[in-house]
Amino acid sequence: MNALIMQKTKETILHASQKSDTAILFFSATGKDSIVLLHLLQSQFEKVVCCFLYHVKGLNIVEPFFNWARSYGNVEIIQLPHTDLYNFKAQGLLSTKHIDGLKKLKLRDIEDYLKIRYQTDVVVYGMKVSDSFVRRGMFNHAAKADIHFDYDKYYPIVNWTNKDCLSYIKLYKLPEPLKLGSKRGSSGINFRPETILYIKEHYPEDYKKIIKEFDLIEAKYGRG
Numbered sequence: 751m752n753a754l755i756m757q758k759t760k761e762t763i764l765h766a767s768q769k770s771d772t773a774i775l776f777f778s779a780t781g782k783d784s785i786v787l788l789h790l791l792q793s794q795f796e797k798v799v800c801c802f803l804y805h806v807k808g809l810n811i812v813e814p815f816f817n818w819a820r821s822y823g824n825v826e827i828i829q830l831p832h833t834d835l836y837n838f839k840a841q842g843l844l845s846t847k848h849i850d851g852l853k854k855l856k857l858r859d860i861e862d863y864l865k866i867r868y869q870t871d872v873v874v875y876g877m878k879v880s881d882s883f884v885r886r887g888m889f890n891h892a893a894k895a896d897i898h899f900d901y902d903k904y905y906p907i908v909n910w911t912n913k914d915c916l917s918y919i920k921l922y923k924l925p926e927p928l929k930l931g932s933k934r935g936s937s938g939i940n941f942r943p944e945t946i947l948y949i950k951e952h953y954p955e956d957y958k959k960i961i962k963e964f965d966l967i968e969a970k971y972g973r974g
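Residue numbers (our numbering): 751 to 974.
These are calculated hints, taken from the structure and not from any lab test.
Take these hints with a grain of salt, some might be off.
As the list claims (entries may be wrong) - Pairwise CB distance ranges, derived in the manner of DEER restraints:
(1) 855 to 890: 25 to 33 Å
(2) 973 to 867: 37 to 45 Å
(3) 922 to 972: 19 to 27 Å
(4) 917 to 962: 34 to 42 Å
(5) 894 to 866: 44 to 52 Å
(6) 858 to 955: 28 to 36 Å
(7) 912 to 829: 41 to 49 Å
Each residue gets a CB set at the ideal place from its N, CA and C atoms; glycine is no exception.
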């Protein structure tokens, strides 16, 4: 990895730690970016709150990553409904079980709730400009700044590549991220076909939980 990139990452985290002793990390659990960031943050903050946004709560696939995170002692896991659940539940996407009157939440709503609950202004994300052309455009300002900060949020690894993340994970013997059937690299839990099929094959009990909540997935991929 470029030494300057790592230096800017450390300077960004130091800047954040001087602002508050508690950091809120939006944590995908199974993805490489979250694994790297938690390792970087836990040594610089008195407390790191990992916010995991779930589509289906209680999946076994994420538990080893939660256990690893909690092993640091200063890490708390909080699980909250994913913002996409409004579309899934209120508009009947992936499910015939419509829920009327469900409040639509934005990511900003969740950020504000966590800031109040944990009395901190430090919110950290793992987006990288190398992830896609869209993200390159969205996070270009943060990437070029000396402190990788924009929209009131920190992006410490914004200039890292996937290769950088995997090398870091190997160097520090961190948990291996899950690809979940994807050829594009590791990711969080989502409803892409390759992810659903991976979970169906390797975590059948989790698949049952998913189709219980989203019955149209069963219609497409079977009961398992």
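Worksheet entry | Outcome for the supplied range 19 to 27 Å, where the beta carbon pair is residue 922 and residue 972 | Given a distance of about 40 Å, which is not inside 19 to 27 Å, the answer is violated.
Worksheet item: Do the Cβ positions of residue 917 and residue 962 conform to the proposed distance bound of 34 to 42 Å?
Response: holds, 39 Å
Practice prompt. Using the Cβ atoms, figure out if residue 855 sits within 25 to 33 Å of residue 890.
Written response: Taking Cβ atoms as reference, residue 855 and residue 890 lie about 27 Å apart, which means the hint holds.
Worksheet item: How does the Cβ-Cβ distance of residue 973 and residue 867 compare with 37 to 45 Å: does it lie in that range?
Response: Distance hint for residue 973, residue 867 holds at roughly 39 Å.
Fill in: 41 to 49 Å as the expected CB spacing between residue 829 and residue 912, which holds or is violated
Given a distance of about 26 Å, which is not inside 41 to 49 Å, the answer is violated.
Item to complete: Could you see if the CB distance from residue 894 to residue 866 stays within 44 to 52 Å?
Response: Since the Cβ atoms of residue 894 and residue 866 sit about 31 Å apart, the hinted range of 44 to 52 Å is violated.
Practice prompt. Starting from the range 28 to 36 Å, see whether the pair residue 858 and residue 955 falls in it by beta-carbon distance.
Written response: holds, 34 Å
Against the hints set out earlier in the document, violations occur for numbers 3, 5 and 7.
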